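S.K.: So you can see what is in the structure, the chains are spelled out below.
2 protein chains.
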Amino acid sequence: MEDFEVTPWKASGDINYEKLIKKFGVSPITDSMKQLIKDVFGEIPLEVRRGIFFSHRDLDKVLKDFKEGRKPYLYTGRGPSGPMHIGHALPLIFTRKLQEKFDTFVLLQFTSDEKFLYNPELGPEQVYNYTFDNIRDVLALGFDPDKTYVIEDFRHIKYLYQIAVSVAKRITYSIVRAVFGFTNETNIGMLFFASIQAAPAFLGYFMDDVYNCLIPAAIDQDPYWRVARDVAVKIKLPKPTQIHGKLLPGLKKDVKMSSSVPESAIYLSDDRKRVKKKLMNAFTGGQPTVELQRKKGGNPSICVVFDYYKFLFEEDDKALKERYERCRAGELLCGECKMDLVDRVSRFLENHQKTKASIKDKDIERVMIDNKIDLHSLVNEFKMLR
Amino acid sequence: MEDFEVTPWKASGDINYEKLIKKFGVSPITDSMKQLIKDVFGEIPLEVRRGIFFSHRDLDKVLKDFKEGRKPYLYTGRGPSGPMHIGHALPLIFTRKLQEKFDTFVLLQFTSDEKFLYNPELGPEQVYNYTFDNIRDVLALGFDPDKTYVIEDFRHIKYLYQIAVSVAKRITYSIVRAVFGFTNETNIGMLFFASIQAAPAFLGYFMDDVYNCLIPAAIDQDPYWRVARDVAVKIKLPKPTQIHGKLLPGLKKDVKMSSSVPESAIYLSDDRKRVKKKLMNAFTGGQPTVELQRKKGGNPSICVVFDYYKFLFEEDDKALKERYERCRAGELLCGECKMDLVDRVSRFLENHQKTKASIKDKDIERVMIDNKIDLHSLVNEFKMLR
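Protein sequences, first through last, are from chains A and B.
Here my numbering is used: the first residue of the first sequence is 684, the next is one more, and so on.
Here my numbering is used: the first residue of the second sequence is 684, the next is one more, and so on.
Isolated chain A (complex conformation) (with noise of 0.2 Å):
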């Protein structure tokens, strides 16, 4: 037995990566790896020199066909079950982190059908409020809409479904049984939609010209790309290349930001308010006193406050550094830490408010992938799938 458990729709226990990079058969990003990127970008971004984005599954070939002048496109989604939290935030800014670096093309998938199926309680009606209301706060992350491709699958199902069938084709019920951890009560929605989820990282060989399909996601679902990489070779396209990324702990150091611990979660709608209240609540690694703390310093390792700056708050290798050994000496107490996060997380979400409500329908339109390619041109090409 485990004592934690990974999987597209849970995560609990105390996560062990270098555990789960065993279990999940992917390679941990080295420092070889990270030289790599460092030879291509000219820097490593700081969610790879932090250890956030760790795993991978061959981002060597991504990165060496790059130098020589073969593209990937980018692939990455959210599953629109609700409002988005921070944590849901943190894959999809590195994504568009690499699309500037790569000056590619990124499919932004939204899964209302798999929220739909998966929830007995959700009716499409309220799916479909999540959906825009989740691009919405996706496009205000700053991506490039000349080069950004929304794909909501209710309404772009005719860009996918080809290439689902052809994936399906090749996946049996053992398969996702064995994988997802299916069962006999399992509906053949879910036991189909893993053909759905793979469906974009085949689509861009039928758009561009490019070489590799690379996706940036948290690593609870890499078991579809699993698939989808078994289900590349038989269908003779190439295999999707992935980048992991842990999970944003939740504030009560939760295994992970979750909207099914409310109080656990830092909304992208949240106010300054609501936001010190959350914050001031979190789990630390301080010391139950003043006093103690003083004498014998926090613990920033296990600290929840301290994540938040590794993870998205604090841009400064050498400030975020001064900040552990601050803590460590007992120099920083929680309340002035939680109270500077408090100023930068609220400051992050009052612009991404503002920007978010600057988007107009007229901008989600431009960036809707029926509005920008046009099906029949890739008919033809869907009819050279196996």
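Careful, some of the hints might be misleading.
The list makes no distinction among identical chains, and a pair is therefore deemed to hold if it is satisfied within one copy or across any two copies.
When the alpha-carbon atoms are kept at most 30 Å apart in a straight line, the in silico DSSO-like pairs for lysine-lysine are as follows [stated by the list, open to error]:
#: 1; residue 1: K1001; residue 2: K979
#: 2; residue 1: K936; residue 2: K993
#: 3; residue 1: K922; residue 2: K798
#: 4; residue 1: K1055; residue 2: K1045
#: 5; residue 1: K1037; residue 2: K993
#: 6; residue 1: K917; residue 2: K798
#: 7; residue 1: K922; residue 2: K1045
#: 8; residue 1: K830; residue 2: K784
The set of hints was computed from the structure by calculation and includes no laboratory data.
What you are looking at is a predicted structure, and each value in this text was computed from that prediction instead of being measured.
Once you've looked at the hints, dock chain B against the given chain A.
M.R.: Just chain B now, kept in the frame of chain A:
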């Protein structure tokens, strides 16, 4: 153990339709039902009169509603796994008659996805070619283009997917395993497909002011409707209703005319020479010699040639009865009876082929659902799905 088997993919053994009615839990078309049909239509269509369409689900409701001014719509389809034979044409010809009687619209689904998913050897291009050849054949059977909507699953998935997902949410693996005999090795596309085939049984309600969906189809498709009826209650839409046809026997007295035994099937593309060769070799109820036939008479009740007159090629009940009696009495010899059938079948096919050849691409486009119904007008309706 039954001594016959009927599934959507296979029919074997000596089908006992009375037993099948009980096994499938459907209702026989009784004399009082025939009377109701006569009341409503002014006549009893040949296929019902002769017991070729022999069972149903809720046909009484459809007829009563229609009598009171509440129209049904019709839905049937074709799996484009190869060229069409006259066994495929039989339920479509009956559907076209019902279209006239009810003066209503018909949805014709071409399940290219299913055929691609089911047959490991079939590539998308091949399915695509069969599909468009089959659509031409079906239109040549005389559907009213103003009231006919062709749904080709790949091209028109956007009209089906939202409904299919609502349906799929209510169907577990257990159900499709039990109903269709699927196994752990069945691909997830086939598992999901039940919901794609169910979708047109509900789509009509989003298109027009109709009260029932009536599905005329061969009885082997019934498992799909059983599942769709169970789901209907859960998504608060009317249960699809059915009228079930018998399977046209193959020329060798095979359980059904099947593309896997080419000499047993008369293709819609066959010429007179081929028809003659096949019919001359058909299984009959005749005696081994002319002398014995003159003396003892033939047995039309087991004769495939007689079946073809009865199913398709003798409109006149009196003439059919006369043929029966002349055979029993030894007056009609097999050679004469077959040659007469060769004439009728060839004439039918020549006409069909001429009509088919006259169908232009624009005639096909005219009946394609995406050229007739703006999806955007349906999307708001889809939000009312559960």
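S.K.: When the structure is checked against the list of hints, which entries are broken? Sort them ascending.
M.R.: 7
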